[in-house]
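S.K.: Each chain, letter by letter, is given below.
Number of protein chains: 2
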Amino acid sequence: MIELNFNKGNGLVPVITQDYTTGEILMLAYMNQEAFDATLASGKATYYSRSRQKLWVKGETSGNVQLVKEIRVDCDNDTVLFKVEQIGGAACHTGHRSCFYKKIENGSIRVIGDPLFDPEEVYSK
Amino acid sequence: MIELNFNKGNGLVPVITQDYTTGEILMLAYMNQEAFDATLASGKATYYSRSRQKLWVKGETSGNVQLVKEIRVDCDNDTVLFKVEQIGGAACHTGHRSCFYKKIENGSIRVIGDPLFDPEEVYSK
Chain A
0 MIELNFNKGN GLVPVITQDY TTGEILMLAY MNQEAFDATL ASGKATYYSR
50 SRQKLWVKGE TSGNVQLVKE IRVDCDNDTV LFKVEQIGGA ACHTGHRSCF
100 YKKIENGSIR VIGDPLFDPE EVYSK
Chain B
0 MIELNFNKGN GLVPVITQDY TTGEILMLAY MNQEAFDATL ASGKATYYSR
50 SRQKLWVKGE TSGNVQLVKE IRVDCDNDTV LFKVEQIGGA ACHTGHRSCF
100 YKKIENGSIR VIGDPLFDPE EVYSK
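Residue numbers (numbering that gives the first Met the number 0), protein chains in the order written: chain A, 0 to 124; chain B, 0 to 124.
Just so you know, the hints here were simulated from the structure itself, not pulled from any lab data.
Take the hints with a grain of salt, since some may be wrong.
If chains are identical, the list can't say which one is meant, so a pair holds when it fits in one copy or spans any two.
Simulated pairs of lysine-lysine, DSSO-like, Cα-Cα distance not exceeding 30 Å [claimed, not checked]:
1) LYS68 <-> LYS82
2) LYS53 <-> LYS68
3) LYS43 <-> LYS53
4) LYS7 <-> LYS53
5) LYS43 <-> LYS68
Generate the whole structure from the sequences, applying the supplied hints.
M.R.: Below is the structure:
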């Protein structure tokens, strides 16, 4: 039985989502117990949206779902790591493959890579 | 100028720490503005310890400091990614290389890999 520690995060734990083949970090999101159970049951990464305050099956709008290949838990059970197959190639709502497309260089931000899709096209459907 | 969004996390943002050569995720910790500034100034990963409620230069006790090779920020500026060189090989206070040494398999936890050091020896010095 897996007992995550949701106390430190007011009922939520952060989840790091990593490409299971390349090791690239795609995004960070949050889960409550219900989202964790839904992920285990469905095999699709399911988070808790802090802004919308509800369960969020990643890719439910864009089609870019995440098939969970492996789940890791950290030493003190308060952070989760999903290793996933990112359907559609892009995890970020901006169309970028990874949400971490901004690199700090000499005190400024440099954007790394180009978006793989046009968010206005995908999310206005 | 980099403006991180500390509002959603009560003054803190989560930081994912990844090995800059292998892509392995080593740990997740938290930073406030002061920890971020200290990291930029020193080049050593500096976090904010939620339990001790103070700045925490990673490795200050164990000697396993993290030399920050690259910093990424996510799409909405509320999560940071450090790509680091992990001095001493192990990031976790348990002696494991990564804090994410527990894998979920068929509803149970399986420990992956062996500790690289004995925590009792390192932290009782």
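S.K.: Please go over all the hints and tell whether each is borne out by the structure.
M.R.: Here is what the structure says about each hint:
1. LYS68 <-> LYS82: both (6 Å within a copy, 23 Å between copies)
2. LYS53 <-> LYS68: within (24 Å within a copy, 37 Å between copies)
3. LYS43 <-> LYS53: within (16 Å within a copy, 37 Å between copies)
4. LYS7 <-> LYS53: This pair counts as both: shortest intra-copy Cα distance 19 Å, inter-copy 16 Å.
5. LYS43 <-> LYS68: Within. Shortest intra-copy distance 9 Å satisfies the 30 Å Cα cut-off; inter-copy 33 Å does not.
Violation of the numbered hints given earlier is absent; every hint is satisfied by the structure.
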